[in-house]
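Protein chains in written order, with UniProt numbering: chain W, 1 to 482; chain U, 1 to 482; chain C, 1 to 482; chain X, 1 to 482.
Bear in mind the hints are in silico, worked out from the structure with no lab data behind them. Small disclaimer: the values here were computed from a predicted structure and weren't measured. We treat Cβ as the ideally placed atom computed from N, Cα and C, and that holds for glycine. It cannot be assumed that every hint is accurate.
Said to hold, decoys possible - Computed beta-carbon distance windows for the label pairs: (1) X:126 to U:166: 20 to 30 Å; (2) C:250 to W:73: 52 to 62 Å; (3) C:243 to W:126: 33 to 43 Å; (4) C:408 to X:224: 45 to 55 Å; (5) U:453 to C:75: 53 to 63 Å; (6) U:166 to W:98: 53 to 63 Å.
To be verified - List time: in silico BS3-like cross-link candidates among lysine-lysine, alpha-carbon distance up to 30 Å: (7) U:28 to U:237; (8) X:237 to X:286; (9) W:374 to W:357; (10) X:346 to C:28; (11) C:129 to W:129; (12) X:129 to U:129.
4 protein chains.
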Amino acid sequence: MNMTHPFRDADGDKLREECGVFGVIGSKDAANIAAAGLHSLQHRGQEAVGITSFSGEEFHSHRGLGHVAQVFSQRELDTLPGTMASGHVRYATTGGSGLRNVQPLFADLAAGGFSIAHNGNISNAMTLKRDLVSKGSIFQSTSDTEVIIHLVATSRYPTLLDRFVDALRMVEGAYSLICMTAEGMIACRDPLGIRPLVMGRIGDATVFASETVAFDVIGAEFIRSIEPGELVQVDHKGTISSHRPFGNPAPRPCIFEHVYFSRPDSVMDGRSVYGVRKQIGMELAKEAPAPADVVIPVPDSGVPAAIGYAQQSGIPFELGIIRSHYVGRTFIQPGDAARHADVKRKHNANRAIVEGKRIILIDDSIVRGTTSLKIVEMMRDAGAAEVHMRIASPPTEHSCFYGVDTPERSKLLAANMDIQAMADFIKADSLAFVSIDGLYRAVGEDKRNKKRPQFCDACFSGEYPTKLTDFAERFSGERNAA
Amino acid sequence: MNMTHPFRDADGDKLREECGVFGVIGSKDAANIAAAGLHSLQHRGQEAVGITSFSGEEFHSHRGLGHVAQVFSQRELDTLPGTMASGHVRYATTGGSGLRNVQPLFADLAAGGFSIAHNGNISNAMTLKRDLVSKGSIFQSTSDTEVIIHLVATSRYPTLLDRFVDALRMVEGAYSLICMTAEGMIACRDPLGIRPLVMGRIGDATVFASETVAFDVIGAEFIRSIEPGELVQVDHKGTISSHRPFGNPAPRPCIFEHVYFSRPDSVMDGRSVYGVRKQIGMELAKEAPAPADVVIPVPDSGVPAAIGYAQQSGIPFELGIIRSHYVGRTFIQPGDAARHADVKRKHNANRAIVEGKRIILIDDSIVRGTTSLKIVEMMRDAGAAEVHMRIASPPTEHSCFYGVDTPERSKLLAANMDIQAMADFIKADSLAFVSIDGLYRAVGEDKRNKKRPQFCDACFSGEYPTKLTDFAERFSGERNAA
Amino acid sequence: MNMTHPFRDADGDKLREECGVFGVIGSKDAANIAAAGLHSLQHRGQEAVGITSFSGEEFHSHRGLGHVAQVFSQRELDTLPGTMASGHVRYATTGGSGLRNVQPLFADLAAGGFSIAHNGNISNAMTLKRDLVSKGSIFQSTSDTEVIIHLVATSRYPTLLDRFVDALRMVEGAYSLICMTAEGMIACRDPLGIRPLVMGRIGDATVFASETVAFDVIGAEFIRSIEPGELVQVDHKGTISSHRPFGNPAPRPCIFEHVYFSRPDSVMDGRSVYGVRKQIGMELAKEAPAPADVVIPVPDSGVPAAIGYAQQSGIPFELGIIRSHYVGRTFIQPGDAARHADVKRKHNANRAIVEGKRIILIDDSIVRGTTSLKIVEMMRDAGAAEVHMRIASPPTEHSCFYGVDTPERSKLLAANMDIQAMADFIKADSLAFVSIDGLYRAVGEDKRNKKRPQFCDACFSGEYPTKLTDFAERFSGERNAA
Amino acid sequence: MNMTHPFRDADGDKLREECGVFGVIGSKDAANIAAAGLHSLQHRGQEAVGITSFSGEEFHSHRGLGHVAQVFSQRELDTLPGTMASGHVRYATTGGSGLRNVQPLFADLAAGGFSIAHNGNISNAMTLKRDLVSKGSIFQSTSDTEVIIHLVATSRYPTLLDRFVDALRMVEGAYSLICMTAEGMIACRDPLGIRPLVMGRIGDATVFASETVAFDVIGAEFIRSIEPGELVQVDHKGTISSHRPFGNPAPRPCIFEHVYFSRPDSVMDGRSVYGVRKQIGMELAKEAPAPADVVIPVPDSGVPAAIGYAQQSGIPFELGIIRSHYVGRTFIQPGDAARHADVKRKHNANRAIVEGKRIILIDDSIVRGTTSLKIVEMMRDAGAAEVHMRIASPPTEHSCFYGVDTPERSKLLAANMDIQAMADFIKADSLAFVSIDGLYRAVGEDKRNKKRPQFCDACFSGEYPTKLTDFAERFSGERNAA
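All chains should be built: construct the whole structure from the sequences, respecting the hints.
Shown next, in the form of structure tokens:
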């Protein structure tokens with residue numbers, strides 16, 4: 001059993017990506033540390049990876065499509081000398097020209113080399129790009145991140161740091177960034193801190209990562225989270241300085257990192273991700289009990305909540321679905337005879353546990369609903385007497401524009417149906433979601449008390465905490481902060 | 001078959017492999033069904049895969065190093081036409097010339113084309129090969145399986161079936177075979193039935209596989225196990241005939257299939273593998289209780305026994321170790337600072353669960369002991385107060401010569417130490433193994449009552465059920481049936 | 001265009017390349033015609049090739065390292081739809097990031113897509129680039145050609161054609177360009193016409209190429225040369241318009257195209273290249289006779305001049321050196337015993353012709369002298385009684401800054417030695433070069449009569465016909481037009 | 001100009017191959033020397049190459065599809081240690097399983113490792129194979145060479161040398177072989193010496209090769225030809241012994257090696273190949289003069305005969321056809337508009353020489369006639385006034401069964417038409433072939449005086465010097481020695 005691999009379908013029209021970023025400055029093993037750190041962040045993006053290093057005189061880069069362990073062997077890492085390196089894992093890059101979009105991006109500016117790795121999404125990138133191109137900027141990628149580079153290149157401020165802050169003041173949306181210049185490393189988080197970013201230490205070196213698990217794996221010590229709106233600079237002597245160019249807006253970190261996106265062994269803003277998920281399962285058991293014989297997780301992402309549900313309800317936890325490790329991307333149907341062969345390649349019913357039983361199925365979320373339907377049917381084919389689906393998040397009714405890859409709203413099941421209709425669609429005997437209040441309880445906060453820390457929960461509530469300039473027409477009907 | 005490259009493999013002494021076999025006859029989707037079936041058997045061998053098909057006139061073959069999904073896309077499968085196909089997944093093939101050993105093996109005999117896929121190991125292969133070579137046979141692989149082909153080729157019997165039986169009478173050891181000739185498919189299992197083999201049906205087609213999970217995945221119906229010593233022939237009209245060329249010796253199926261090797265969602269000789277493993281955990285809880293706060297499995301193979309242990313003992317089951325899916329084969333150390341980085345790439349402590357707790361760790365077996373040591377140390381680094389290791393099999397004191405890849409005896413921790421010394425070696429506060437009697441109880445049998453069904457448990461007991469001609473000197477001190 | 005990898009090439013100071021360009025507009029087979037045309041121009045650049053097509057809505061591109069036939073099969077060509085295509089072959093691109101420099105370059109400008117393929121070299125590229133970068137332009141390649149794109153992007157003129165002319169007015173040096181916009185194709189040649197460019201017709205389509213041989217191979221009709229300083233536009237209806245934005249300076253086409261660079265079956269500005277080379281050999285026979293038994297060409301480039309020398313002198317032409325076609329780039333020495341094995345892999349003495357003979361060796365030029373030395377030694381090892389080297393061009397004393405790849409001046413043998421010293425260096429019994437007057441006679445012109453057409457002969461004379469802004473310090477001692 | 005690349009069309013149904021073999025024993029650089037030697041024999045086979053070495057204990061092998069320089073870099077050569085190595089270049093290997101047929105072939109026999117590289121063709125291979133398979137031998141390739149290995153493996157003689165001679169006594173046809181055993185190297189030539197084989201020395205090492213050019217390139221000294229029917233053994237101490245197991249039949253070496261197949265800088269049985277070809281051109285000028293302005297070779301193979309023809313006739317030799325070096329295998333038609341684009345990719349008319357002229361075209365042979373037709377049409381398209389084709393060999397009326405790749409008889413133009421009909425087919429104004437007597441005169445022998453040395457000239461005369469067991473039915477109408 002195995003929890004780190006997000007449950008993703010193969011689909012094409014991804015515009016927004018989940019990503020992971022990592023940086024290290026001050027170690028002779030910089031590129032190797034970056035590769036190991038990115039490897040532990042692989043669940044945040046499996047399609048492409050890149051590392052850029054700085055050897056004191058020159059920047060070096062290697063990028064490729066695939067997993068960290070496919071793109072990087074010691075041979076490639078040996079082409080990345082120096083004591084500073086940063087890297088990026090990325091979800092979706094399709095097409096022959098995809099390599100152009102693989103980060104870190106790099107440019108030789110008049111002020112020197114500038115490298116950038118970005119987790120998040122800039123919600124006015126298209127608008128900014130149109131303006132830049134009209135003045136002569138030439139874009140090479142289709143990535144929103146590239147606008148930051150051109151804003152830096154064309155800024156009138158004298159120093160590279162000033163130009164960078166000048167550029168950030170023009171962008172809106174979510175960004176956790178790790179940048180490199182000849183002088184050192186800059187890590188910063190958008191004013192609301194939508195995407196995570198943490199700082200640690202290994203020996204004399206400073207490290208930054210999207211999640212704490214990266215520090216565990218490389219043997220680094222966790223120091224603290226980068227604050228929302230904070231910009232941290234580290235030079236080659238190890239001097240660290242903190243800046244707050246955006247004042248002190250109230251933070252709104254992404255709650256979906258707790259529900260699904262982060263690794264369960266990470267600690268996010270002081271909370272154990274595994275612990276939160278188990279607690280969500282407990283809240284769910286209280287809010288939505290069901291008479292059943294066994295609690296069965298949809299592996300792997302449903303497992304912690306299922307353990308919590310089982311402990312709270314007293315119903316035994318059992319592996320009623322077995323997941324295969326060996327799922328290839330371009331696999332083939334065995335022919336007409338096999339029903340739901342694609343889902344069976346990944347998940348197979350453990351008939352000995354399922355047959356004749358009333359089961360509670362626990363999953364993290366429902367997006368389009370097609371996978372849930374297949375899983376429920378697989379349970380029935382294996383002889384389940386009743387199937388009660390329980391979901392460890394509120395209904396996903398809204399798209400994310402801050403870097404979590406969700407389909408457009410019209411394809412979200414919860415945007416189109418009420419809960420009973422959803423239950424019918426997935427053919428479950430009953431269906432329930434944890435409430436948004438229950439979710440806040442599980443993380444130890446209170447959605448209704450705005451004096452307490454709040455999250456970005458736009459995917460559940462539609463309350464977007466920033467302007468969405470590029471999407472203004474499409475989403476004029478939705479509530480947002482503008 | 002290929003005679004031009006019989007140079008020794010880099011790892012020439014790796015003669016024993018774990019493998020999976022699959023066959024289908026009577027379907028227009030034969031190659032696709034074989035690929036899907038092999039995909040579900042991937043856990044039995046991840047290093048190489050091959051499929052051979054028969055299109056009515058010719059045999060076609062594609063083999064490669066890697067996973068099923070890496071070696072086969074629809075493009076390769078389209079080169080394998082016909083209504084009959086068989087395939088093989090294999091554990092270890094290293095070196096540039098490794099492809100020679102990838103099965104199915106094939107030869108053009110005077111009686112026509114002959115293809116063979118083999119799970120198991122022939123324990124007099126070297127002896128037979130010496131004799132064949134002295135008479136002019138030219139071997140192309142270093143696989144033990146190739147002796148069967150040469151025995152068939154040089155047999156004096158008239159029909160291909162008679163030649164095949166003549167060949168099998170000369171070999172000793174473990175073999176589940178799926179062969180193809182122009183006339184149809186032959187599936188057979190050695191006289192003791194050491195390795196598994198099952199038969200099913202999908203539409204009008206007959207299928208054979210190492211495990212029932214392959215039938216689930218392709219949507220086939222399980223019919224029955226092939227009996228130990230049984231040879232089943234299926235022709236292109238679908239006529240099935242059963243032969244018993246070896247009489248009716250008492251079966252001795254491998255008990256390690258239940259402990260570790262098979263998928264938990266398979267049913268092996270009528271027993272749910274998941275159910276047996278959970279029961280082993282329950283026996284272990286009775287035999288070797290420990291005062292603790294949590295039961296933590298070493299994922300993934302320790303999970304079912306841990307669930308059983310937790311249910312029996314009442315101690316909560318928790319995911320104290322998180323496993324990454326993204327472990328590449330040639331990965332790199334992040335540098336000197338990181339302790340046990342290699343094991344951390346695969347397993348990471350979930351500190352929130354472990355810290356300050358007395359934990360019971362459940363794993364399936366201990367081979368060399370080095371991994372157990374690293375896991376225990378990882379638990380202590382994460383703050384575990386006490387670590388009690390519990391193993392869901394008896395001590396592995398003896399090598400397997402029947403197709404499970406185990407190191408030579410001198411490298412087996414249990415062959416060299418008593419249990420207290422082992423506990424000290426892995427730095428656990430306590431260590432216990434399930435007893436062999438407890439293991440038999442978990443599968444519902446009785447080791448001491450020889451009238452009841454017995455297993456091959458040589459890896460635990462040293463009681464080898466066949467001659468070991470090739471290994472006679474090395475193992476003269478061990479008990480075997482000869 | 002690609003901004004993310006502008007790290008320096010391993011051979012960053014290789015700024016000058018020989019290249020070939022080709023364009024076609026108005027044919028449904030545009031990409032295939034481009035590939036065939038580039039194939040015939042392969043001698044102008046063997047290291048990299050690219051083709052860009054326009055399908056009415058989008059630009060498509062495929063570029064790679066290697067020969068045309070290695071980079072393009074029908075599969076790649078099928079990804080390049082449309083009735084307009086242009087391509088480029090290029091001499092030297094080394095290192096992993098080399099692909100960035102492979103042309104055609106492309107950018108999405110505010111005014112639309114813009115593609116450019118360039119033969120020649122811009123001698124103020126570095127100076128222009130510094131200025132552009134200071135204003136915020138981000139370069140992705142190390143190619144001089146990219147400055148043209150940025151000049152177009154940042155020009156204040158309204159139309160793309162005006163912007164393009166505006167850009168060209170800022171550049172100095174040699175350029176034959178084939179550009180594409182959504183409106184059609186633009187072919188133009190620098191004011192002095194240093195590099196060649198010809199126009200032809202195949203069916204209803206218009207074609208452009210560096211040499212006429214490309215028209216022979218695709219079955220096109222030669223129309224005329226593009227004039228020095230002329231800019232020809234062709235739209236999708238086939239309308240052709242000619243512009244002269246630079247006035248009418250006196251042309252100075254490169255004479256080295258006749259000596260070495262063009263294919264012998266091309267016709268360059270009305271002169272057969274083969275005929276000119278044969279005539280150079282005749283002039284050489286008159287200027288530098290030698291008492292000898294045979295005339296032997298250094299294959300392949302010395303053959304036409306050797307035929308001319310033999311016909312003029314009456315001494316028999318014989319193949320005393322045999323050239324192998326199969327020279328790989330990374331080949332291996334057979335060991336210490338073999339002398340000059342590298343040159344022998346390419347050239348081998350035909351001992352039966354050489355032994356005991358007084359030979360006249362004809363080669364096209366001497367650059368560093370090391371190859372000439374090896375060839376002479378090879379002749380002596382094969383038993384030559386006397387070796388008289390005759391060179392079908394004047395001594396190469398100066399570097400080219402206009403797109404022919406020559407080493408820096410300090411490595412040119414003729415820049416460092418007089419002719420007798422050169423003869424001693426290459427161990428020839430005698431050495432002679434054709435005079436620059438003889439060379440002009442061979443092409444039918446007169447170097448001393450400036451009213452007659454003149455050439456760029458800077459590599460022989462040091463008389464550079466343009467400013468050399470980027471190289472001003474290095475070459476302040478040399479004569480140039482500035 | 002460039003003579004070593006045979007003029008070959010791309011066609012599929014090749015059953016017989018031209019090949020080159022090379023061996024070296026006694027040098028620490030054995031594999032490197034073999035690679036360099038094979039590189040110089042590349043014209044004898046361009047599709048596949050292999051090298052096997054012996055390191056004192058083990059045989060090592062690397063084989064691949066492609067040219068020597070594509071298959072072998074220093075990295076591959078470093079995997080081939082030892083002081084003895086042999087290799088093979090091969091013409092045609094098609095299909096995915098082609099690698100099986102790439103030589104040297106190797107087998108582990110009871111008497112030890114045995115490697116074989118073969119130039120020629122065994123004309124009773126099919127018959128022998130049927131018998132071997134019926135007794136249990138398993139073939140892995142479709143190569144005729146493999147029968148020799150099985151004959152050695154199943155021979156009843158005690159020593160490996162005796163078994164080898166026993167095997168050779170059973171085979172008929174043409175073979176020059178280089179074999180390796182743990183004891184040393186064996187080189188031998190069939191009783192009639194149909195294919196060439198020469199011996200040389202480099203330092204203390206002994207070398208064998210198909211042609212002397214291989215010795216030039218590696219810096220070795222030519223010692224002598226292996227005699228027809230001779231078997232030479234060299235052990236690791238350098239001791240050389242010669243055996244004549246077949247008595248002393250009258251030799252019949254292949255005359256086509258002189259006409260076309262060998263490199264012009266090789267010396268074959270004491271005769272300069274270039275000199276013979278030039279002499280054939282002179283004989284042709286005497287036998288078949290034509291009133292013309294220029295003599296034009298079809299490059300490269302027609303060049304020496306064209307030089308001879310020009311010198312004898314006094315008509316000027318000119319390069320009226322230019323050949324491209326860059327012909328790829330899978331190239332693409334530029335579209336319907338281009339006539340004969342495939343031949344133009346390789347050969348292009350030099351219009352300046354051809355236009356308005358009466359030309360004599362010299363080629364080495366006519367096989368199917370389709371290429372000759374295209375060349376003649378290309379000359380006419382370029383404005384030739386008259387085209388007189390002269391061929392430097394007699395009409396090719398019969399297939400070769402001894403290792404030269406010729407199509408079956410029905411596809412040979414000369415087997416189906418008289419000379420006037422052939423001239424009409426290729427659209428030449430006149431056509432003439434050198435007579436077989438003229439050909440013998442050119443090599444200094446006399447076809448009509450059987451006391452003088454004779455050649456295998458079966459492709460011209462139909463007089464096959466051996467039995468053709470496998471082809472008995474097909475060729476019962478042709479004269480042969482049986």
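Going down the list of hints, with the structure as the test:
no. : hint                       : verdict
1   : X:126 to U:166: 20 to 30 Å : holds, 28 Å
2   : C:250 to W:73: 52 to 62 Å  : holds, 59 Å
3   : C:243 to W:126: 33 to 43 Å : holds, 36 Å
4   : C:408 to X:224: 45 to 55 Å : holds, 50 Å
5   : U:453 to C:75: 53 to 63 Å  : holds, 59 Å
6   : U:166 to W:98: 53 to 63 Å  : holds, 58 Å
7   : U:28 to U:237              : holds, 13 Å
8   : X:237 to X:286             : violated, 54 Å
9   : W:374 to W:357             : holds, 18 Å
10  : X:346 to C:28              : holds, 24 Å
11  : C:129 to W:129             : holds, 22 Å
12  : X:129 to U:129             : holds, 22 Å
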